Amino acid sequence: MAPETARGARPASIALAVACDALLVGLFAGLGRNEHARAATLGGLLETAWPFLAGLAIMWIAATVWKRPFAVVRSGIPIWAGTVAIGMLLRALTGAGTALPFVIVATITLGAFLLGWRALVALIAKLRRA
1 MAPETARGAR PASIALAVAC DALLVGLFAG LGRNEHARAA TLGGLLETAW PFLAGLAIMW
61 IAATVWKRPF AVVRSGIPIW AGTVAIGMLL RALTGAGTAL PFVIVATITL GAFLLGWRAL
121 VALIAKLRRA
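Heads up, the sequence shown is in my numbering, so the first residue is 1 and it goes up one at a time.
No lab work stands behind these hints, which were simulated from the structure alone. Just so it is clear, the structure is predicted and the values come from calculations on it, not from any experiment. Misleading hints may appear alongside valid ones.
For each label pair, taking beta carbons as the anchor points, the in silico distance ranges come out as [unchecked claim]:
#1 101 x 43: 23 to 31 Å
#2 67 x 96: 27 to 35 Å
#3 120 x 26: 30 to 38 Å
#4 42 x 112: 23 to 31 Å
#5 58 x 101: 21 to 29 Å
#6 126 x 54: 16 to 24 Å
Even for Gly, the Cβ is constructed at its ideal location relative to N, Cα and C.
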C-alpha cells in the first residue's frame, strides 16, 4: 500500500515522516556534539537540537507537509531549507554559534538527511511499481 493516496497521507504515514525527520535532526545534533567532544547527555542534545527541531516543526505547518510528507520536492526541500534557516536564526537570537563553516556543514548534513530518506522512499516505491 502506498504511503500517500489521492486524498493525502494516512495518519500513520504522517507520524512516521515526522518521527524520521525529528530523529534525523536529533542525529545531526548528536553527531555535532560528538565531533566537538561535548557531553553525551539528553539535556545537551536537546540544547543543540531545539532550534532545528523548532524550525522543523514550523516548516511542517507552514509548508503543509502532512499532505505529502514523502515528496522530495514539495515537502523535502521546504523542510530542509526552513529547518536550516529557522534553526540558524534561533541560534543567532540566543547567542549560539552560527559561524559560516557550521552553516555549511548543517546545510549539507540536514539536506542529506531530510532529502535523502525521502529520495530512498521514492526509489523504493518506484521499484515496487516496476
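Quick rundown of the hints versus the structure:
1. Checked against the hint of 23 to 31 Å, the C-beta distance between residue 101 and residue 43 comes to roughly 25 Å, which is consistent with it.
2. Here the CB-CB span from residue 67 to residue 96 is close to 32 Å, well matched to the stated 27 to 35 Å.
3. Separation of residue 120 from residue 26 is about 19 Å and departs from the stated range, judged on CB atoms against 30 to 38 Å.
4. A C-beta distance of roughly 25 Å is found between residue 42 and residue 112, which places it inside the suggested range of 23 to 31 Å.
5. In this structure the hint that residue 58 and residue 101 lie 21 to 29 Å apart at CB holds, the actual value being about 25 Å.
6. Residue 126 and residue 54 have their C-beta atoms about 33 Å apart, which leaves the hinted 16 to 24 Å range violated.
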